[in-house]
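J.: Now for the letters of each chain:
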Amino acid sequence: MKLLKINVLAGLLLSATCAATLAEEVKIGMITTLSGPAGYLGQDVRDGFMLAIAEEGGMLGGVKVEVLVEDDGLKPENGRAIAERFLERDEVEIMTGVIFSNISPVVAPLTLRAGRFYITPNSAPSQFAGKNCHENYFAVAWQNDSLHESAGLNATAQGYGNAFVLAPNYQAGKDAIAGFKRYFGGEIVGEVYTQLGQTDYAAEIARIRAAAPEMVFQFLPGGMGINFAKQYDQAGMNEEVPMVLAAPSSDINILRAVGESMVGVSSSSHWNHDLDNDANRAFIAGFEAEYGRSPTVYASQGYDTAKLIASALMKTGGKVTEDMDGFRAALKAADFDSVRGAFAFNTNNHPIQNWYARIVVERDGAFLNETTGVIAENHADAYASECSLN
Amino acid sequence: MSQLFLEQLLNGVQLGMFLFLVSAGLTLVFGFMNIINLAHGSLFMIGAYAMALIGGATGSFLLALILSLPVVACAAWVIEVVIIRRLHARDHLDQVLATFALILFINEGTTMLFGRVPLFMDVPESLSGTVTLPGGVTYPLYRVAIIGAGLAVALALWLIIARTRVGMQIRAGTTNRETVEQLGVNIDRLNTLIFVVGAMFAGLAGALAGPLTSVEVGMGENLLILCFVCVVIGGIGSIRGAMLGAITVGVVDTMGRAFVPDILGRFLDPAAASGISAGLSSMSIYLLMVVVLVFRPTGLFPVARSV
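In the order they appear, the protein sequences are chains A and B.
With numbering that gives the first Met the number 0, the residue at position 202 of the first sequence is 201, and numbering never jumps.
With numbering that gives the first Met the number 0, the residue at position 132 of the second sequence is 131, and numbering never jumps.
These are calculated hints, taken from the structure and not from any lab test.
Don't take every hint at face value.
Stated by the list, open to error - What the simulated footprint calls covered on chain A by chain B, stretch by stretch (three residues with Cβ under 8 Å from a Cβ of chain B suffice, anywhere in the stretch; the number is not a length):
id, stretch
1, 37–49
2, 186–198
3, 228–235
Ideal Cβ placement from N, Cα and C applies to all residues, glycine included.
Chain A on its own, in the form it takes in the complex:
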């Protein structure tokens, strides 16, 4: 297991001898997925987060922070071990970074039980949005279902009468299909759950061909989506049955890896590189200058998470667990310029925000998502009413 400890202070000063100064800086634990095929998701969340800290010269909201980063390797048992260490030995006050929804159900309860804040930049499964919502749990980007609800709305708006749906057989996959169906007006002609990490999709593609739907919705994040998109194109299916996707199946790395055959594919997202606001322009310029590559949606989420924490630290003057009520209220206000434009936290601490329709285009040999319009304004997730917070 790789320990990547990024010390944003002057690293050498941080020995046991200056424990006094340690008390003043806020420790943030980041458990994320850095290895394996999905490693770029965690990498971009981390890099986006670190960019916000670097912009302030090692601080967030004028408060010195130390971020401990560790790789969960996409295994819940690793997530548990790291979380226990972060909470007990390192005494982090804020936990963040989890990418996948098989890890957050392990890490989030541990963090909340220990009386710390859990602020997720990505994974936000349904169980923490409804009855089991928690006052110290904040989802910065979206609730899992919303990604796919927006795809359902997008497909309905485009006039599709029926759809074939496809997702991996795990919690986020089931949330995805449920979310898509919630807002899709048409009929579902096929519903398939594939294995997590599957490489060959020939059998599923043949079933889609046989079912002859008007469109396909697939939620296959990372490498799985690349496998599917390549094989779908080679089977000559792009011309026959178009795909309507959610943001994770159409990020910029997937477009680059699949190439030309993605042109024309429509998707929906809460953020896009061409959203017209100052925070977004500054973020993209900063990210490209710092890392020499274009940010994915995950990078934007990592950046927003850091900015949210910064806004709250600014208000409490660096107090987190010493002033739980103050820090919580400051988080809930979401008083910062998000790169996605305006958004607010709902009663269940999940976002209320706009969702945008996008289409893949080619510009100067590169493949990009271009925003074409708004799918849903101030969209809230479906579970908020079950949550007893206010």
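Assemble the complex: chain A is given as a structure, and chain B must be docked to it using the hints.
T.: Chain B only, in chain A's frame:
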């Protein structure tokens, strides 16, 4: 319906051919050298990376395919000489630990060199598109090519093992290593040769997989588990067994994914059917393995051993 069945059968055979390319090397190394090489999937990945990088630089599919094989061979040679050679006398646990460590090294090394973002690799113009096969099935041309490559490799391997002197030594060494050594055959050199050749098959599979799958760190690991199943079903050390095991696993896996949901859907409500069938089809090959091992504990084509 029969057309769909035919297409799915073909998908199964194609997946099987692909698994065979990886399993062939695995079973040779396992059978002859008695080494469990978990890093075999990493050699698959090296093949795919070499293919994608050379293909990206030169723009030629054929050139990339030809050049990626020596790259994998070199990597395999280094691994054999530096690490694998020291593991012969050790037990399987040490081998598993050492080759698992190799996976971590190779994955991290690849991440450092080429980053975490998957590489781009497309089907060459001449192999893109679909063909209409007898029976009216439209099938991607590239997948037909993979079936062809699998058959060619199987034929070549069979010729080498059944008809050449080296092949005879390999067969003899798989059965009784010490005796072959006593007869004056340089076992070390034969070991290296087998390891490198086995790696080249994995590398070839990786190179051919590039256009079909995502070229990314850790791409070989998922496949490796399937390939161990193929090797165990087929009988450790047997090329014929690996072929039959791979085709069986490919067909059972594909057919499971293709038809179990529809069959269950006739008895159960759709939501329950899709949930159960997803579980069942991912278990299908392991169920197959259990059945085979109950009746044939040494696999379908056991290799005689005198150890």
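J.: Each hint: holds or not?
T.: Cross-check of the supplied hints:
1. Beta-carbon proximity to chain B at under 8 Å applies to 3 residues in the stretch 37–49 of chain A; the threshold of 3 is reached and the given coverage holds.
2. Counting residues of the stretch 186–198 of chain A whose beta carbon lies closer than 8 Å to any beta carbon of chain B gives 8, which reaches the threshold of three, so the coverage claim holds.
3. Interface restraint, the stretch 228–235 of chain A with chain B: holds (5 residues with C-beta to C-beta distance below 8 Å; minimum three).
Checked against the numbered hints above, the structure breaks none of them.
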